[in-house]
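Construct the complete structure from the given sequences, taking the supplied hints into account.
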Amino acid sequence: MNSEVLVVADQKAGNVQFLNPVTGAVQRRLDSVVLAEHAGFLPLGGGRCAFIDDAGGALVIADAFTNTPLRTIPVAIPGEHLACDPSGRFIAVTTGLGVSWEPWSDLLTVVDLESDGGPTSRRIRTRAGEPGVVVGETPEGPAAVVRHREPGGIESFSVERILAEGVHCPPMQGLRAEASPDGHGDAFDPVTGTMFVATGQGLERFDIRKPQPEALQAIAWDAPGRAYFLRFCPGRRVLVAVLRHGGGEPRDWAQWGNTLWVHNLDTGLTQTTPLGQGLVFRFALTATGIATARVHPEGDELSVHHLGPLEAGPPALRGTWDLPRMDGAPRPGNEPWDNAERRAIAASPSSELVAVTRGGHGELHVVDTSAAGSPLRTITLGSPLHDGGHLAWVSAVDAAPGDTVGR
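Going by my numbering, the sequence shown opens with residue 953, and the numbers climb by one from there.
If you are wondering where the hints come from, they were derived from the structure by calculation, not from laboratory data.
All residues carry an ideal CB built from backbone N, CA and C; glycine is no exception.
Take the hints with a grain of salt, since some may be wrong.
As the list claims (entries may be wrong) - Distance ranges between label pairs, derived from CB positions:
1. 1249 x 1070: 30 to 38 Å
2. 1330 x 1260: 25 to 33 Å
3. 1201 x 1320: 50 to 58 Å
4. 1152 x 1289: 15 to 23 Å
5. 1054 x 1302: 38 to 46 Å
6. 1203 x 1112: 46 to 54 Å
7. 1176 x 1219: 21 to 29 Å
8. 1279 x 1323: 24 to 32 Å
Right, here's the structure in full:
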C-alpha cells in the first residue's frame, strides 16, 4: 500500500476524492460534501485528516487510506479556521462570513475526539469576525486561542471549560492580549508554546503557555509587503511565508510583487528570495523544498526553491515548470477573486512530488521536482475544480499531527 494519499476537494461541485499520487487512481470519493475551503484540511496523524463540511454542518474525520466509515461531529458553520492540539485529540473550529459581506457569527466550536461515549462538541459565543485559532497547552489544560480582527486581539479559552459549559451556546470571555487589527495567517510552535500571527506590522508572536497570553517582540518582514498565509515545518523548525507587495490594489494583481520568506525559529535567522510578479495564492513544502504556483497574464508557472540551512544563504531556485493556461484565469484590471479560476498546490512531505490544479478544467498536474525539466503528468478528475479546488497530502507514516493548523 502506498504510504501517502493526495486529497482533492472540489468545494464548488461538492465532492472530495482520495488519490494515489503515483498512479492517479481514485481510491475513494465522497459526494454531497462541501469543504470549508478557507479552513482547509488538517492531517491528524495515522493516515487521518479532518475538515469542515459546510453543507452538513459537521467536522469530518476521514481515514485517507481505507473505506472506514467517516466520523462526523456537529460544528458551527461557515467554517473559517480549524486547528488541533499536538496530540490531535482536541479540535477548535471558528466561523467566518460565508456568503455574507459583514461579520455575523460569533460561534467557536471545540471538539473532544476521545471523550467517554464518543466525540463531543460544544459551542460558545465569542466575537463575530474572521477569527483564526490554534490549540495550545497550559498548566490548567488545553486552551483554544483565538485571533480576532478589527479590533485585533488574542483571546485564550479553557477547552475544559468550554466542554463543561458550552451547551446552548453561552457567551464566554477568555483572557486577552492586544494584537494588530489586520491579522491573517496563523501558526503554532508546540515546543515553545508560541503562536504566530501575520499582520501588516510583521510576524507578531504570543506566548500562550499560560492562560493569559503574553505578547512577545514582533519580527519585521524586512522585505516589501506582508504575509497572509503561514506554514510551519516542525521538523526543520522553520516558518515559511510569501510576502505580497501591492495587495492593497487588488485590480493591479498582475503587478503584485512576491517574496519568499523563511524564518528559523531556533536561530532567529531569516532569508528572502524574490518570486516575480503576479498572484501567488498559497504554497507547499516538499521534503527539501518550497513549491509555489504563480499566476500571471504572460503565463503561469510552478517554481521550487531548495530549503537548506539558512546559514548557507537564501533558498536557491531548483527549477521552474510552465503550467497550462486556465480559460477562466484572473484578468488584468479585475480583482483576482472575482469570477476567476485559481490553482491549489500540495506537496509530498517525504519526496519532491508536487501537485497543482488547473482550476475550471478538472485537471491535476503532478511533477517530480527533484530535478529541473521533469515532465508534468496530468490527471483528469471528472470534476471541474472551479476556484482551483483544494489539495492536501496525507501520510500514513506520521503518527501525530505536524503542523497543527488546518491549511
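Hints violated by the structure (listed by number, smallest first): 1, 3
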